[in-house]
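Student: In case you want the letters, here they are:
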Amino acid sequence: MVGLSQHGRLEGCSCRHAPCESEGFRSATVMTAQSCPRQHCATTMDSAALEPSLYTVKAVFILDNDGNRLLSKYYDPELYPSMKEQKNFEKNVFNKTHKADNEIAFLEGMTIVYKSSIDLFFYVVGSAQENELMLMAVLNCLFESLSQMLRKNVEKRTLLDNMDGVFLVVDEIIDGGVILESDPQQVIEKVNYRADDSPLSEQSVAQVLQSAKEQIKWSILK
Amino acid sequence: MIKKFDKKDEESGSGSNPFQHLEKSAVLQEARIFNETPINPRRCLHILTKIIYLLNQGEHFGTTEATEAFFAMTRLFQSNDQTLRRMCYLTIKEMANISEDVIIVTSSLTKDMTGKEDVYRGPAIRALCRITDTTMLQAIERYMKQAIVDKVPSVSSSALVSSLHMVKMSFDVVKRWVNEAQEAASSDNIMVQYHALGLLYHLRKNDRLAVTKMLNKFTKSGLKSPFAYCMMIRIASKLLEETEGGHDSPLFDFIESCLRNKHEMVVYEAASAIVHMPNCTARELAPAVSVLQLFCSSPKAALRYAAVRTLNKVAMKHPSAVTACNLDLENLITDSNRSIATLAITTLLKTGSESSVDRLMKQISSFVSEISDEFKVVVVQAISALCQKYPRKHSVMMNFLSNMLRDDGGFEYKRAIVDCIISIIEENPESKETGLAHLCEFIEDCEHTVLATKILHLLGKEGPRTPTPSKYIRFIFNRVVLESEAVRAAAVSALAKFGAQNDDLLPSVLVLMKRCMMDSDDEVRDRATFYMNVLQQKQKALNAAYIFNGLSVSVPGLEKSLHQYTLEPSEKPFDMKTVPLATAPITEQKTEIAPVATSKLPEKVAPSRQDIYQEQLAAIPEFQGLGLLFKSSEPVQLTEAETEYVVRCIKHTFANRMIFQFDCTNTLNDQLLQRVLVQMEPSEAYEVLHYVPAPSLPYSQPGSCYSLVRLPEDDPTAVSCTFSCTMKYLVRDCDPNTGEPDDDGYDDEYVLEDLEVTVADHIQKVLKPNFGAAWEEIGDENEKEETFALATVRTLDEAVNNIISFLGMQPCERSDKVPENKNSHVLFLAGVFRGGHDVLVRSRLALADGVTMQVTVRSTDENVVDVILASVG
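For the record, the sequence lines run as chains S and G. Each residue of the first sequence is one higher than the one before, starting from 1 at the first, in full-length UniProt numbering. Each residue of the second sequence is one higher than the one before, starting from 1 at the first, in full-length UniProt numbering.
Chain S on its own, in the form it takes in the complex (with noise of 0.2 Å):
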């Protein structure tokens, strides 16, 4: 590559070469005005050694199909410290994921595995450098607890009724980002949660029309 030396005084910012135009000292004055675009470059993916960790997770979350978020915990006080950051990187993450379910994504510098089910999309965010494998396993163990959990019905209405049993089984699965649990059996005896079994008499006939035409619409919309 000969020849870069002047592709830096190409640029136009002044991060390096500071006199980028004709006259030298007096755009500098201008140019040091404007950011430099190189600060703030967005993580790209390169894969430099990972500090050996057992925070493996930075983020789990499950959205409903509209990308509302339903539950949702990240582990990296440093990644979207705010409410407004997380909600925005959900938003991308479901505008870039709910079309096609293809299991993985790597978007602003992070490695998202997920899976969805119905109306309800599981996300597992990791680092760029995390072992995919290792971030699959966590979502597998999610998903699979949950749907025995909620007897497979995995849709947001038998989530929502049983929300309670959802955080104790993610706070099983995760702990501050460490792998607590993979195999989806142990979670669920150590949750020891029972879903809402309520004999069908409670609910009225109504509701469980309401119910099977939400869960048909859904599996033809699909």
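It should be emphasised that the hints constitute simulated quantities derived from the structure, not laboratory data. Take these hints with a grain of salt, some might be off.
[What the hints assert, rightly or not] With a Cα cut of at most 25 Å, we get these calculated DSS-like pairs of lysine-lysine:
(1) G/K24 to S/K84
(2) G/K514 to G/K540
(3) S/K115 to S/K84
(4) G/K572 to G/K560
(5) S/K73 to G/K168
(6) G/K817 to S/K73
(7) G/K300 to S/K99
(8) G/K175 to S/K99
(9) G/K175 to G/K151
(10) G/K432 to G/K817
(11) S/K91 to G/K24
(12) G/K151 to S/K152
Once you've looked at the hints, dock chain G against the given chain S.
Tutor: Chain G in isolation, oriented as in the chain S frame:
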């Protein structure tokens, strides 16, 4: 236990989300039933769920209301409902930071943690550690130690993970639990083993010996948990990197053995670790690449993604190692996961042949709009690499890039495209016009000031030299009308360059300039006025000095000089020659073309290396009054790498003195050197004026000594000289362990290699963006020309490189790059000679048997011309 939510919630709204219309105040109101006796577990559970849900949605709880709810919640510990109790733990964790006095639940939690109900114990530990601080940790230390070695896995895991969280806060306390963690590490439960390993590493990571021991132990005994294996691989590769261990080390063997693990996770971690190792040979890569190849056909998208991403990384350094996977990668280019497809294509672009480029580009353009910006940047970088490899493909690439430029995208993405187009223009003169046209179109609608100014600058530089410069004027002037101040200013500068170089455009440019003089912004107006006046003079020399080739001084240096000048008012006008020159921009090696994290540069203009030396030298009293540091050379090694003493020299050139800085390192741990200096014997009329010894040189602490040398004054052409160097010092033997030296010492000396001063040490590189203009500016007053035959040189490339390194001047107009298959070439070099004389060299090279070279030198000083010609000959 039957749970059913309130009828009211169920019927409200769409019925799809019972939590949709929750009001914080209503929920807190409801929380009052916590105080009712007897406790209604079902209703309380529901309210706690609502509170946690609200917190999760980002609802803000004030300290008072949170504390109130928290205290009410503590009553729920009286109930024995399991789920309710677990939800209380969750509430404690969620509220730990917003409520006050959370420590009041300590005793309840301690009770649960040591109680009989195993279901409570783990979560209770985690909740307790969340509200505990260093002082309170001592109180529960006993329980924690017991919990770590508890035979119930969930209890042990919880205790280990919580300890890990607390390492940050109270390292000293947690450190004392190392034996317990050690015991837990041999647990049969896979998660306990993983957590114990993680905690042990965090406690010992600063003690390399302990880490090595730990690794040895576990690599021998084997592990049960795949997670623990991944952790071990990371620890091992970090250790390998730190110790720079060779690939015959047992650590490497361990990582390689993990390639045969039965868990994909471990296999991938090992492969990835090997790929990321620096200086890995193709042979060592091979097994890792072949497991990644297998993963490419996995039905799991995540595994395919991981594999192809890692292969992409390999392809950057070792494209040939990945060629074996080309067939598998071909299958992935239509993968429904676009990230995988993109990575596969960009990998193939690096490894494949030129003939496949068109097909791959077509494939990728079919879905480029669907992928995220991060991957688009990857694509652009791959294209950029490709253009260097196959310059003939530039028209395909240019087309593709211009389409990408029109699409939506963020700043990083656009910048990558613009950079790529610019580098194509630089590499391929025939693509210049198309490239400039695309860029012109882009700035018509560009929201990024930085990119607009950059492109305008490029237009100003390249546009006037195209066959039809007039067509660019419109684009540039549009910026003056429409854009922000910085862009307008850049546009004015670009316009001036057109006016200066194209006489027939000059009248129109002057008209436009006049209009710019009425701009609302100071800088734009100033520039316009300045250029207007320069252009009206119609003098080539003025144009060259003030429009094409700007100042070549270093900005921090100029700032300092001006400040100094204002502090000491004098009659004399400020002299630009007293300002240090900007060292030519260091060629940034762009070897890693694909995904590279752009390092964040410091915000301020970093002082150059030379500015730092200037300050260091000025701090030494003996070197006062030498004036301005003109040039500092790259370090020259005066010893072999593995000798007792390592010495390197940096040559600092001043107007009529030189300082030699010897950086010495003593690599003998049983010696202390004192009064170290390097004695120099010059071969020419150079005179050593002064030695500044390094007072003391303990083991492995570098120190510097200096020699001040006077350059011969009577003969200005004597620029080169050879010095024979001897290091002299007083040795005091010392105890290798304590470093305590003996009282007596003896004098000793050590012969170093000879040090050469060449013409390059007297010339500073300066880039003239427009060499032709600079050439005219200096004029032929002191021009001299001579012809030489370089018999030993076989190619033009070699000749060019030799001349550049010999003269130490800056190649201009990209003339350092010899086009392929040509028999002649012209090299333009620019520099400033010691004393501030501009010097330009034009060297015509012709390839026959050897290389014949005709050198023409122009300078503002006659002696300098002679010096250059004499030294070449």
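Student: Against the 25 Å threshold, does the CA-CA distance of G/K24 and S/K84 hold or violate the hint?
Tutor: Within the cut-off at roughly 19 Å; holds.
Student: Between S/K73 and G/K168, does the CA-CA distance stay at or below 25 Å?
Tutor: 21 Å, holds
Student: CA of G/K817 to CA of S/K73, is that 25 Å or under?
Tutor: 55 Å, violated
Student: Need the status of pair G/K514, G/K540: alpha-carbon distance at most 25 Å?
Tutor: Given that 25 Å is the threshold and the Cα spacing comes to 21 Å, the pair holds.
Student: What's the verdict on S/K115 and S/K84, does the C-alpha distance respect the 25 Å limit or exceed it?
Tutor: 24 Å, holds
Student: Take a quick look at whether G/K432 and G/K817 sit within 25 Å of each other, Cα to Cα.
Tutor: Cα-Cα ~17 Å, so holds.
Student: CA of S/K91 to CA of G/K24, is that 25 Å or under?
Tutor: Distance ~24 Å between S/K91 and G/K24 Cα, so the pair holds.
Student: Is the straight-line distance between the alpha-carbon of G/K572 and that of G/K560 25 Å or less?
Tutor: OK: G/K572 and G/K560 at ~17 Å, within 25 Å.
Student: Check the hint pairing G/K175 with G/K151 against an upper bound of 25 Å on the C-alpha distance.
Tutor: 21 Å, holds
Student: So if I understand the rule, the pair passes when the alpha-carbon distance is 25 Å or less; does G/K175 with S/K99 pass?
Tutor: 49 Å, violated
Student: Does S/K99 lie within 25 Å of G/K300 when you go C-alpha to C-alpha?
Tutor: The hint holds at about 18 Å.
Student: With the threshold set at 25 Å, check whether the alpha-carbon distance from G/K151 to S/K152 stays at or below it.
Tutor: 33 Å, violated
The structure fails to meet hints 6, 8 and 12 from the earlier list, while all remaining hints are met.
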